[in-house]
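**Q** Chains as they are written, first to last, in this note's numbering: chain L, 39 to 244; chain X, 39 to 244.
Treat the hints as calculated values from the structure; they're not laboratory data. Everything numeric in this text was worked out from a predicted model, so none of it was measured.
In this list, chains with the same sequence are indistinguishable; a pair is considered to hold if it fits within one copy or across any two.
Straight-line alpha carbon distances no greater than 25 Å define the calculated DMTMM-like cross-link-like pairs of lysine to aspartate or glutamate that follow:
id	residue 1	residue 2
1	63	81
2	106	127
3	76	48
4	95	81
5	74	161
6	206	178
7	74	190
8	76	161
9	106	48
10	74	48
11	106	161
12	76	127
13	95	48
14	177	165
15	63	79
Number of protein chains: 2
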Amino acid sequence: MDINSNRLIEAAVTEFGQLPGIGRKTALRFVLYLLKQKPEDVEQFGSTFIRLRNEIKYCINCNNISEKHLCEICSNTKRDRTVVCVVEDIRDVFAIENTNQFNGVYHVLGGIINPMEGIGPKDINVENLVVRVGQDEIKEIIMALSATMEGDTTVFYIFKRLKDFDIKFTTIARGVSVGDDLEYADEVTLGRSILHRIPYENTLVK
Amino acid sequence: MDINSNRLIEAAVTEFGQLPGIGRKTALRFVLYLLKQKPEDVEQFGSTFIRLRNEIKYCINCNNISEKHLCEICSNTKRDRTVVCVVEDIRDVFAIENTNQFNGVYHVLGGIINPMEGIGPKDINVENLVVRVGQDEIKEIIMALSATMEGDTTVFYIFKRLKDFDIKFTTIARGVSVGDDLEYADEVTLGRSILHRIPYENTLVK
Numbered sequence: 039m040d041i042n043s044n045r046l047i048e049a050a051v052t053e054f055g056q057l058p059g060i061g062r063k064t065a066l067r068f069v070l071y072l073l074k075q076k077p078e079d080v081e082q083f084g085s086t087f088i089r090l091r092n093e094i095k096y097c098i099n100c101n102n103i104s105e106k107h108l109c110e111i112c113s114n115t116k117r118d119r120t121v122v123c124v125v126e127d128i129r130d131v132f133a134i135e136n137t138n139q140f141n142g143v144y145h146v147l148g149g150i151i152n153p154m155e156g157i158g159p160k161d162i163n164v165e166n167l168v169v170r171v172g173q174d175e176i177k178e179i180i181m182a183l184s185a186t187m188e189g190d191t192t193v194f195y196i197f198k199r200l201k202d203f204d205i206k207f208t209t210i211a212r213g214v215s216v217g218d219d220l221e222y223a224d225e226v227t228l229g230r231s232i233l234h235r236i237p238y239e240n241t242l243v244k
Numbered sequence: 039m040d041i042n043s044n045r046l047i048e049a050a051v052t053e054f055g056q057l058p059g060i061g062r063k064t065a066l067r068f069v070l071y072l073l074k075q076k077p078e079d080v081e082q083f084g085s086t087f088i089r090l091r092n093e094i095k096y097c098i099n100c101n102n103i104s105e106k107h108l109c110e111i112c113s114n115t116k117r118d119r120t121v122v123c124v125v126e127d128i129r130d131v132f133a134i135e136n137t138n139q140f141n142g143v144y145h146v147l148g149g150i151i152n153p154m155e156g157i158g159p160k161d162i163n164v165e166n167l168v169v170r171v172g173q174d175e176i177k178e179i180i181m182a183l184s185a186t187m188e189g190d191t192t193v194f195y196i197f198k199r200l201k202d203f204d205i206k207f208t209t210i211a212r213g214v215s216v217g218d219d220l221e222y223a224d225e226v227t228l229g230r231s232i233l234h235r236i237p238y239e240n241t242l243v244k
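Just chain L, with the same shape it has in the complex (with noise of 0.2 Å):
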């Protein structure tokens, strides 16, 4: 008997093998441990992904996750629309979130421009973003991405588009990490720090 003699298990191992960074292996621990599961346990797994696809909803106007026509973020009359935090994904959206330091609105691309991969501009939000920088009162966009070259590549090109709109276009600050020894800081990552250096009083808690 090999692994594809039984066609559910194999069939199951397929579908785990398709997640990010799961191989054959990871796939088939997480098929035996569903086996051990109660059938109603399962019954809800497998139909919880299903309406997840199917039920959810994106912001018309960021393109965050929503179960309505606008976010929560975007429909909260609390939050500052006149600044736009462009982020690659959801993900992101939650991380600067829970830092509780951001006040405005986002944008989420939905992907960042990587060549490599096929990724064009026109494969990420961009256009909407152009429209609502047009349409709305937008005053600052501050552009969140990796620090990579895909990143800063994106950064670019919406930099461009939007050139001609009368906004200030900032990017988050790129640094030593908080925490972080300055010896194991890596010499990219020291130097913007130097060269982007701080008044030291912007630096206190106020």
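Since the structure of chain L is already known, use the hints to place chain X on it.
**A** Below, chain X alone, put in the same frame as chain L:
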């Protein structure tokens, strides 16, 4: 907005998070992956697990997974039914089958004795192994469990349960892995490999 604010996402993250070794961050990564897939693919993803759990059967003889009454191995007349290899779960059946070195049949315990996790002898399939040994013409039981304290405990327990039967009771060899450098082998393994040394001619491929 917190990660909790969207019930559907939260439910899906919780479902993935129950899988062994999967934390909330990885679970969220899986959820984002599913959200990018076609609805029909996610439909298949979810329903595969529900079918798996509802339709899979276990071999009444060896507890291996099987879609029929008897599994493919137990119903294969070319296999030697006098030699039974006792394993923890079906993953081990796959692994041993892939070696092409075993032509006997299996007995799947479905776990090993682990007092720390509250798994006792009654929680694993020992009783029907004893029944099998009493009924079938079994000449040898090969214990193929992990080389851990739990594995050794389980081997000892089953050894005691079967000691009145006229059978050969063996365990798989412990020793230096093929391809491993001797200086990196741990002392216990090295010690066992010397203790259980074998005549050189037995290692030659016939």
